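Colleague: Chains as they are written, first to last, in the numbering used here: chain E, 1 to 371; chain Y, 1 to 371; chain C, 1 to 371; chain F, 1 to 371.
It is worth saying that the hints were derived from the structure and are not from the lab.
One or more hints might be untrue.
[Said to hold, decoys possible] Taking beta-carbon pairs under 8 Å as the criterion, some of the chain F residues facing chain C (in silico):
| hint | residue |
| --- | --- |
| 1 | His56 |
| 2 | Leu58 |
| 3 | Ser59 |
[What the hints assert, rightly or not] Distance windows between CB atoms, simulated:
| hint | chain 1 | residue 1 | chain 2 | residue 2 | range |
| --- | --- | --- | --- | --- | --- |
| 4 | F | Arg136 | E | Gln73 | 41 to 47 Å |
| 5 | C | Glu235 | Y | Lys18 | 52 to 58 Å |
| 6 | E | Pro357 | C | Arg178 | 50 to 56 Å |
| 7 | F | Phe125 | Y | Gly212 | 45 to 51 Å |
Values in this document were obtained by computation on a predicted structure and should not be read as measured data.
Heads up, the beta-carbon is just placed ideally off N, CA and C, and yes, glycines get one too.
Number of protein chains: 4
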Amino acid sequence: MEKELSSIHYDKYLQLHKILDAQKLRSVEFGKPAHDEMLFIILHQVYELWFKEIIHDLSSVMDLFNVDLVEEQNIGIAISRLDRIAKIQKILVDQIEIIETITPLDFLDFRNYLLPASGFQSFQFRQLEVSLGLKRDNRISYTQCAYSGVFSQKEQDILNKLEEGDSMFDLVEKWLERIPFLNFDSAIGSGQSFDFVSEYKKSVEKMLRMEGKAIDDANYISESEKHLRLKMLGETNTYFGSIFDEKKHLKKIEEGEMKLSYKATMSALLINLYRDEPILRQPYMFLQKLIDIDDLLTSWRNRHAQMVLRTLGKKIGTGGSSGYDYLKTTADQHRIFYDLHNISTLLIPRSELPELPFELKEKLNFNFAQK
Amino acid sequence: MEKELSSIHYDKYLQLHKILDAQKLRSVEFGKPAHDEMLFIILHQVYELWFKEIIHDLSSVMDLFNVDLVEEQNIGIAISRLDRIAKIQKILVDQIEIIETITPLDFLDFRNYLLPASGFQSFQFRQLEVSLGLKRDNRISYTQCAYSGVFSQKEQDILNKLEEGDSMFDLVEKWLERIPFLNFDSAIGSGQSFDFVSEYKKSVEKMLRMEGKAIDDANYISESEKHLRLKMLGETNTYFGSIFDEKKHLKKIEEGEMKLSYKATMSALLINLYRDEPILRQPYMFLQKLIDIDDLLTSWRNRHAQMVLRTLGKKIGTGGSSGYDYLKTTADQHRIFYDLHNISTLLIPRSELPELPFELKEKLNFNFAQK
Amino acid sequence: MEKELSSIHYDKYLQLHKILDAQKLRSVEFGKPAHDEMLFIILHQVYELWFKEIIHDLSSVMDLFNVDLVEEQNIGIAISRLDRIAKIQKILVDQIEIIETITPLDFLDFRNYLLPASGFQSFQFRQLEVSLGLKRDNRISYTQCAYSGVFSQKEQDILNKLEEGDSMFDLVEKWLERIPFLNFDSAIGSGQSFDFVSEYKKSVEKMLRMEGKAIDDANYISESEKHLRLKMLGETNTYFGSIFDEKKHLKKIEEGEMKLSYKATMSALLINLYRDEPILRQPYMFLQKLIDIDDLLTSWRNRHAQMVLRTLGKKIGTGGSSGYDYLKTTADQHRIFYDLHNISTLLIPRSELPELPFELKEKLNFNFAQK
Amino acid sequence: MEKELSSIHYDKYLQLHKILDAQKLRSVEFGKPAHDEMLFIILHQVYELWFKEIIHDLSSVMDLFNVDLVEEQNIGIAISRLDRIAKIQKILVDQIEIIETITPLDFLDFRNYLLPASGFQSFQFRQLEVSLGLKRDNRISYTQCAYSGVFSQKEQDILNKLEEGDSMFDLVEKWLERIPFLNFDSAIGSGQSFDFVSEYKKSVEKMLRMEGKAIDDANYISESEKHLRLKMLGETNTYFGSIFDEKKHLKKIEEGEMKLSYKATMSALLINLYRDEPILRQPYMFLQKLIDIDDLLTSWRNRHAQMVLRTLGKKIGTGGSSGYDYLKTTADQHRIFYDLHNISTLLIPRSELPELPFELKEKLNFNFAQK
């Protein structure tokens, strides 16, 4: 039987008796009230609330992708939720300005009471990192112990299980690998064949040849500039060469230089190049949102590092870490979707793009066609 | 005996067992889980946490000003705390973007379960409005009942007591009235006298006379423009006239057009005009911060109104109010420090400013003088 | 023959010799240099540059829609460009903080030299308003003269021509009217018929009946609350009633209460309700972006008004207008896409939505179907 | 004779005939119009306009400080102008979101036409860096050539001259060195002596002793944690030790680890610790604003680097530089006021602060004292 509807008051709905009763100042407890400790507590609680929401949204997207076939509608929903995460992250970065109103001198009034509590002990933040795809082995360590050592056994179990399962990164990789457009022929069983990688390769080679000739012919640039440009072109050539060679790709993965599989990379490239085709529009936006989230996480780490430098200088953080250096390094090293960022390196101008056969274009459009 | 220091863990310090256990979705309870209800709850909880911090800061500033003589240092502290409030308010406005990610259609999935809960039932927000100086009689009503009718008796008592006591507005007014610089002679007992209002009046009259002549003489403007400008000047004249006349000022207060007393207004004007004198620098910044806070509250109401329009259209809000119209009207009518904004109308260019006698300037400087 | 490529330097490419040589301070010219006049000039130049970009993007979107059949791909492009406009608008609002660093007293140092120059004389801003769809008759007047009176004849001609042609509003209305899904049968010539308006009407009636019963049955609410809710329900009923009646809609348009035609309104409603169908996803996002732009323009006007109040108080603006009141009124009255906002009023929960026949759903999906 | 006032129109005042006529698209010139090139041009022009304003404000502050004795009032003015710069920088960071609306693929449509134009050729940006205090030797090089090689001889001369003169950093250092409060006795010729460094040293030593004892006595922490904390304390001890030793400070400067002189560092420390004294309030805020500006420049470089990564991937930038790596490195290495940030490391809690003798406190207050 359905539960009967009932009235509810704002306070009770939001459980404000819990929320607003959770600020117990240690400085008060120890007899030396520090006005700014209230902000310190509230700001961290706000962060934890937002982390809860981000995890709520991210998990739901992972559920939508944790299937053999992602429904068309669900890509739209995934985009909306990732967009929400990005908007929350924007606020997370901006509100660092608020915590900076606690000046270093004011912070010293209560800093000693907090030891060794530290943002390093935020379980939800670790949950978020792991869910996105940060692997234990890629973590920058800032103490000798495992990052999960500060958590309860139950929490460690949750993290372990998360690490074992598919992360957002893994799910995206699998989804990209499944996308059937790398070889249209096999995909749609039409007579007309179109092998993306080989067509793309031809275009790249032609483009590079033309560029080389253009530089050679250019009499408006000096010899030294000509030399520089040809050198750059050579590097580009080498770079593209490594792309067409699956073995080289595999080697890069082994060496930790890349993470995304060859097939997934090719699919991501195809989506970026042919994003204007109706069926690829949403997948393209989905990939963009992943990059947004990665970028905003990097921004947050950078901004966080600056705040720590400003408040603590070179001092050791409340968790026994030299916060600034740690945070600065994670900003670079803890990226998840770096390979998606780097797709840009592989793009070629639309004018050089292999044209899709008409029949294939049709397949990428809607059933309903306006006349 | 002093309490002995002890270790504390992040989770316990922030009481995350309360904070993260306070999201109970009504849509889940009623058997129709709506993904977005989580955000709806968390966002409101975040708002309430920030309200708590704002009240914490505002109350502390009110305490600093609730004395016969505000210590010099405390003006600096007050500025810092008001600045923090303003920074928080900026985030309150910006994060409306986040709630707008709940689309109207998604909101309908759980809206019915919330009735009649409504932001109108936020006790802390009322506390904040009353503390700033919003009077019961100046409130826009949006139902027939008193705004406090939705609160418990205990909460109503707190609001009543707050309304009886001095608000931030009252404390600022009293502080301005006490400032001893309107008549320097009586203030510092020096032989040299300087009556601000009469000197200022002379300057204004001279300035207006000159402007009139300039317009008359200007042969680069058309007759119709000349006419328009002289008309504007006449209005300015009338306006300034009403300033110098304490009775007219009183009348405006009675008619609800102004709120700030004559003496306080004159002091605020003096602070604005001579803000570069060292002793007036901080008071000037303090007044600016009050305006910032007022402006940001207005921005928040405007933005909030737009969000309601977008989500609900003309529909009645969850609290039985037509939210959009109510919020839009309060944005204009619930300003507290409008008279401080309006000081701008009274300013005259520095070049026209009565010069302070040297001895007085000295008095407004520091004891320690570099040679 | 194709033009030969050539080298170019940053300075020359950006024509910095023009851009950075266009700040001539009147206060310097008149012998009383005012430091802040530089900011005043530069800030307005920055606004004009952004206006140029907004017009560039908006015009291109209008071109894409100024055809009998909008290509699928072009909706995606339109969304990107409107999104860019929205991002620029966000900056336009935020950077008002910069101009507020010119304090009222500092502004007086050079204000007199500017007369009667005024933002009211910005041709590009008028161009933008007209392009969006602001009609001459709906303009709030702030002087007795026509808004275009301050422009050269050539500029007036451009505005007149723009007013005569189709605005963005007109193009959107026509596009919505053309959308073939209000009656699927006629649209796709299938045997299965689905008339949106009548199906939707049935759902609404059923929903309202159920809601009435639920209130009647609710024994957890007081009689007075029951009464209030039933009254609200009655109003909703009346409101929906007016929707289903095309004549009433026409009357509202005549009375200036609405602008969007009946058919276009129904299409916009359909798009909002069935936005999860692949073919409607992009149209839905397109409509959202129009609302974003409208909202941000309102935010800008509101924020602008506050800035004027703060800087000038009740003083007359540099253009002879009482800027604050004018701007505040336009924020409400110069909205273009108010009717799109108001679609929210018509939405019903997904659970009450008439289900689309399977064959129709197919038609709204892609040709290519994964197995 | 004074120049006679005259009317002026908005367009003419802003020289819009120059500003709006400076967008010449290369892609149009070469016959392949690319819609997004307009944004690319306008955005860079907007940046250059803001750079002009920042330089205008910064130079004026440098002028105020380029004297033997900085007037009290001018510190207030300097704060306002630095605050304005910070507000502009905030927008410079935020508007990177706008340029990111040019997707990598769209950028390729016109990228080839721009070679070798590059932000590296922005003269104003170099001017700004040099004015703040970036030395030629501390620059990260990104080509083999001198950073100034891309400029005209005239521009190089200006940069050279700027480099030879006092930068903002130099002026601040000299001002800090002149501040007379390190030794109050000599400063004010009073009988009461107060030597800041020695008093501060005593407090630090006492504090560290107490902290050591507290850790020893703490039976709520494990032995390993005790060990860790004592080790941290030892490092702090060493660090402070190096502070009290002017020779060690000099050595750090020689090794490039620090830049600010010993005396200036001590003054900055004093200002931070006793910032609540009226006469030190403004100097404190001034130092804060310098840190703000440094931080925002770092934020801008970080954000800029991310944008380049996203748009170009690992590709070489339009200026022949590998933009991403270069920008990321400058974010860390081109800081100017790092030593001011790092003052935080030296702060001790207010409760441990040596108390100022009453007579000295008086000297730091205003002449005018309320009774």
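Colleague: The structure should be examined with respect to each hint, and the outcome stated for every one.
Modeller: Do the hints match the structure? See the list:
Taking 8 Å as the C-beta contact cut-off toward chain C, the hint placing His56 (chain F) at the interface holds, the least distance being around 5 Å. Given the 8 Å rule on beta carbons, the hint for Leu58 (chain F) is violated: about 12 Å separates it from the nearest Cβ of chain C. Given hint, Ser59 (chain F) at the interface with chain C, is violated; its Cβ is 10 Å from that chain's nearest Cβ, farther than 8 Å. Taking 41 to 47 Å as the suggested C-beta distance range, the pair Arg136 (chain F) and Gln73 (chain E) does not conform, at roughly 59 Å.
Checked against the hint of 52 to 58 Å, the C-beta distance between Glu235 (chain C) and Lys18 (chain Y) comes to roughly 40 Å, which is inconsistent with it. One distance hint, 50 to 56 Å for the beta-carbon pair Pro357 (chain E) and Arg178 (chain C), is violated here, with the actual separation near 30 Å. At about 48 Å, the beta-carbon gap between Phe125 (chain F) and Gly212 (chain Y) stays in the expected band of 45 to 51 Å.
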